[in-house]
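Undergrad: Assembly of the complex is requested from the two constituent chains, each provided in isolation within its own frame, with the hints serving as guidance.
Chain by chain, the residues run as shown.
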Amino acid sequence: MSIPPVEDLLRELAPQVLGALTRRYGQFDACEDAVQEALLAAALQWPAEGVPDQPRAWLTTVASRRLVDEWRSESARRRREEAVALDPLPPEASATDDTLALLLLCCHPSLSPPSQVALTLRAVGGLTTAEIAKAFLVPEATMAQRISRAKQTIKHAGASFEMPPPEELPDRLRVALHVLYLVFNEGYTSSSGADLQRTDLTAEAIRLTRLLRGLAPAEGEVAGLLALMLLTDARRAARSDAYGSLVPLAEQDRGLWEAGVIAEGVALVTATLGRGPAGPYQLQAAIAAVHDEAPSDAETDWPQILALYDVLERVSPSPIVTLNRAVALARVHGPLAGLALLGTLDGDDRLAQTHRLDAVRGHLLELAGDLPAARECYRRAARKTGSLPEQRYLAVRAARLS
Amino acid sequence: MKYILMMFGDQASMAEMRSAEWIHEMIQFMQTLNAELEASGELVAAIGLVDPSQAKTVRIAGAMPVSTDGPFAESKESLAGYWIVDVADEARALAIAEHVVAFTEGPLEVRAVADGPPPDL
Chain R
27 MSIPPVEDLL RELAPQVLGA LTRRYGQFDA CEDAVQEALL AAALQWPAEG
77 VPDQPRAWLT TVASRRLVDE WRSESARRRR EEAVALDPLP PEASATDDTL
127 ALLLLCCHPS LSPPSQVALT LRAVGGLTTA EIAKAFLVPE ATMAQRISRA
177 KQTIKHAGAS FEMPPPEELP DRLRVALHVL YLVFNEGYTS SSGADLQRTD
227 LTAEAIRLTR LLRGLAPAEG EVAGLLALML LTDARRAARS DAYGSLVPLA
277 EQDRGLWEAG VIAEGVALVT ATLGRGPAGP YQLQAAIAAV HDEAPSDAET
327 DWPQILALYD VLERVSPSPI VTLNRAVALA RVHGPLAGLA LLGTLDGDDR
377 LAQTHRLDAV RGHLLELAGD LPAARECYRR AARKTGSLPE QRYLAVRAAR
427 LS
Chain P
40 MKYILMMFGD QASMAEMRSA EWIHEMIQFM QTLNAELEAS GELVAAIGLV
90 DPSQAKTVRI AGAMPVSTDG PFAESKESLA GYWIVDVADE ARALAIAEHV
140 VAFTEGPLEV RAVADGPPPD L
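Respectively, the protein sequence lines represent chains R and P. Under the numbering used here, the first residue of the first sequence is numbered 27, with each subsequent residue one higher. Under the numbering used here, the first residue of the second sequence is numbered 40, with each subsequent residue one higher.
Incorrect hints may appear among the rest.
If you want a taste of the chain P side facing chain R, the calculated C-beta under 8 Å gives, among others [unchecked claim]: (1) A51; (2) S58; (3) I66; (4) Q93.
One-sided and incomplete, this derived list gives chain P residues near chain R with beta-carbon spacing under 7 Å [claimed, not checked]: (5) Q70; (6) G87; (7) S92.
Derived by calculation from the structure, the hints in this document are not laboratory data. These numbers come from a predicted model, not from an experiment. Even glycine gets a Cβ: it sits at the ideal position worked out from N, Cα and C.
Next comes chain P alone, as it looks inside the complex (with noise of 0.2 Å):
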């Protein structure tokens, strides 16, 4: 089963509101936690976004696709960046989000990635 685990909030936000220390132990933790799901082969894909500061929307103006930049969220509604694993059962999935919010103190989403059409109805 696929999960995909989304992290919101912006990084830049929230290292301003730390210490030097705590960044350290935040990019020590990452690492060893990207590793850890890399060895036990359930990680598919871990992806931080740029600051939402630099996102742009497109949208439908009239008849035409328009790009504007923002949209400048409220920052903690803002993606900041994603993993998805591939593990057993949802109780796992659970157990690694836990595992990352007990250290950042942040919400994480879990949801599953939807699958392909059943072989035959």
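So here's chain R without its partners, still in its complex pose (with noise of 0.2 Å):
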């Protein structure tokens, strides 16, 4: 996918000028509206009339210009129009910590993660409500509303445009990493419809933890979700067939996976871990790191996996977690190991409702070589998936064992 220079640009520069302007005006709402008609302004006059000389400042100003006409339309707020206009803006020094927080006022607390992650990616990635309604297969009125409220409720939360206190900073950092993990898992999963990823999707989630990355350089959970996206992201053409289909870790054509992606992932990896505790992130990025170094499944050191999710386990607990190391567990210690961890998973609610505990069950059974009991829970797993792609992926393995 290659996108034009222009809107490159565009996206590049969006958070730098919708923060610059509401660092100074305030009104983060006024001021989103502002910058995405400055946006579209720049969309249409640019590749015909060519880039002006400070693309920023042309972006700054125009944007300015629409807040002061929106306020000018307003008389009851005349006075305020009017400071406006005598106040110079202020120098462009702090570009990278208004656009950090930015990221922080669109993952604010307050909002709920769907409303996180669309704001996000209009007000930091640049992105249009027609683009990003598109991307969640939701009519644009829809995303519109959302977007629109979103910055009601940041404006009734009372939330501020500026750096929350250092003692705030990690719990915010850490939503903000959640909302760019949705947002890649959104692409790469595709939670709802019959498309197994999209790919705008993960590109954008790469894009803003790039960004965010280059923001917050010393934070180890920041580089270890952008290995753990650009790791992931390295093996997607061998993920589905030429028709769609998922096909597993272990059979996919290694040769496909992207070697330069690869390399960066690892890099990126191999620099942060060690310095101080690792967080989930990282511990994630580490194991897809082991996986996208084996030149084959047979080759996989699964000791080193299994031992990473032994630390997971302890830095992050969850049944998913657990579910994972069951499977690692059985690559070391045999497929009647795996299953025993399972069966500690039966009855928690929190696995209730989804196929992969059978899922998982039933790859373990058939390793263990329990094909009917296998073939029962690939045909249990299948209908309860909530996608597509992989509700056909567990139907074909229950039919190989028939």
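TA: As structure tokens, this is what we get:
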């Protein structure tokens, strides 16, 4: 996917301009509308008339003018408008802080995750409402409402456009990382619809996480998340066949994996691990790196993967981590050991609604040679999954054992 | 003219009676069909639903809406998925349906999507 240079530039500048405007004028919601209009104007003018010498200043001026026009039309606010018009724009030295503050504002804890995602893609990612709606397969009017309500929520929560105090920063950053992770996952696994993956969202998640890495270079988990995305996305071409059917990791054509992307991911993991306690993203990235560096499924360093899952389960315990650890355990100590660990998850409410326990159990039962029981597990999992490609994949696994 | 093509039955039961090769062919068939309908500009929506065992029904009990698991209707009566196509006429909608049914061997219901009000009575 090649992005036209003007669009590329606009999306890079969007959060900087919005950040500067919001810092200067407050009123995030009004500034956000004004910047969107400036971006639209630029998208129409620049390809025809050429990019201005100072594109960022151009966008800031146009957006400011829109903002002032908007205020001028509301006569009650005339006095504030005068104050605005008299103040020169502050210097542009803190574009980095502005963009980070903007991201943290869009990922404000008062918003629901879908709203955080939508607002981040628009305000920080510079995507239009139509593009975001298309990516999430909802009507444009619905997405416009979601974004508009999100901006109202931020306003009513009294959230200010400032960097949170240092003691709050880790928690706020964790929410932002989760939002970027959700965007990536939505693109990679497509929670709804028949398409297996929507690469536009994965590319955007990687771009924004790269941006965040530039803003917070010392944060190990930011590097960890970027590495995890790269190491996962590097396998994209091998993950489905020509007809969109899922291909499991063990059966993927590793020649289709992107070596350059893997190298970048591995370098990131290597540089961050061992520098302080490793967080869940760094650990998951380390696991992905072990998979990506294996020449074949048989040559995978499963003891290393098992050791990493042991640490991950201590740092960030969840039934999903236990499920994955059971697979690693089965590869190191045999399927019965893995099945015994799965037994500890029976009756876990957090897994009751998902297909994943049945899917993993089917896999381990197949490895153990109990084919009728494996087939039943695959069939149960096929009925529970919310993904059509996965439903078909599980149906094929079951049918192969008949 | 917009038409909805509704497929009944449940995919899991259907798959359990078929071979792995048939399921692969079915995936290819559906992918190709959707790509063709997209390329011809006729595809409005192609929606697959999860298994009917995941369904819930909301109905009035007393004065309150209450949700319960199910319906657990006969699986052949359950909606499995649908296409909405924007085509020249009913004959074209029926032709698409015939193409699908020739492969799946299960029935498809074809119905026009209702128009808005007429401009002037």
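Undergrad: For every hint, state whether the structure bears it out.
TA: The hints, checked one at a time:
1. A51: holds, 5 Å
2. S58: This interface hint holds because 6 Å falls under the 8 Å limit.
3. I66: holds, 5 Å
4. Q93: Q93(P) check passes; min Cβ-Cβ to chain R is 7 Å, inside 8 Å.
5. Q70: holds, 5 Å
6. G87: Interface hint status for G87(P): holds (5 Å vs cutoff 7 Å).
7. S92: holds, 5 Å
Of the numbered hints listed earlier, not one is contradicted by the structure.
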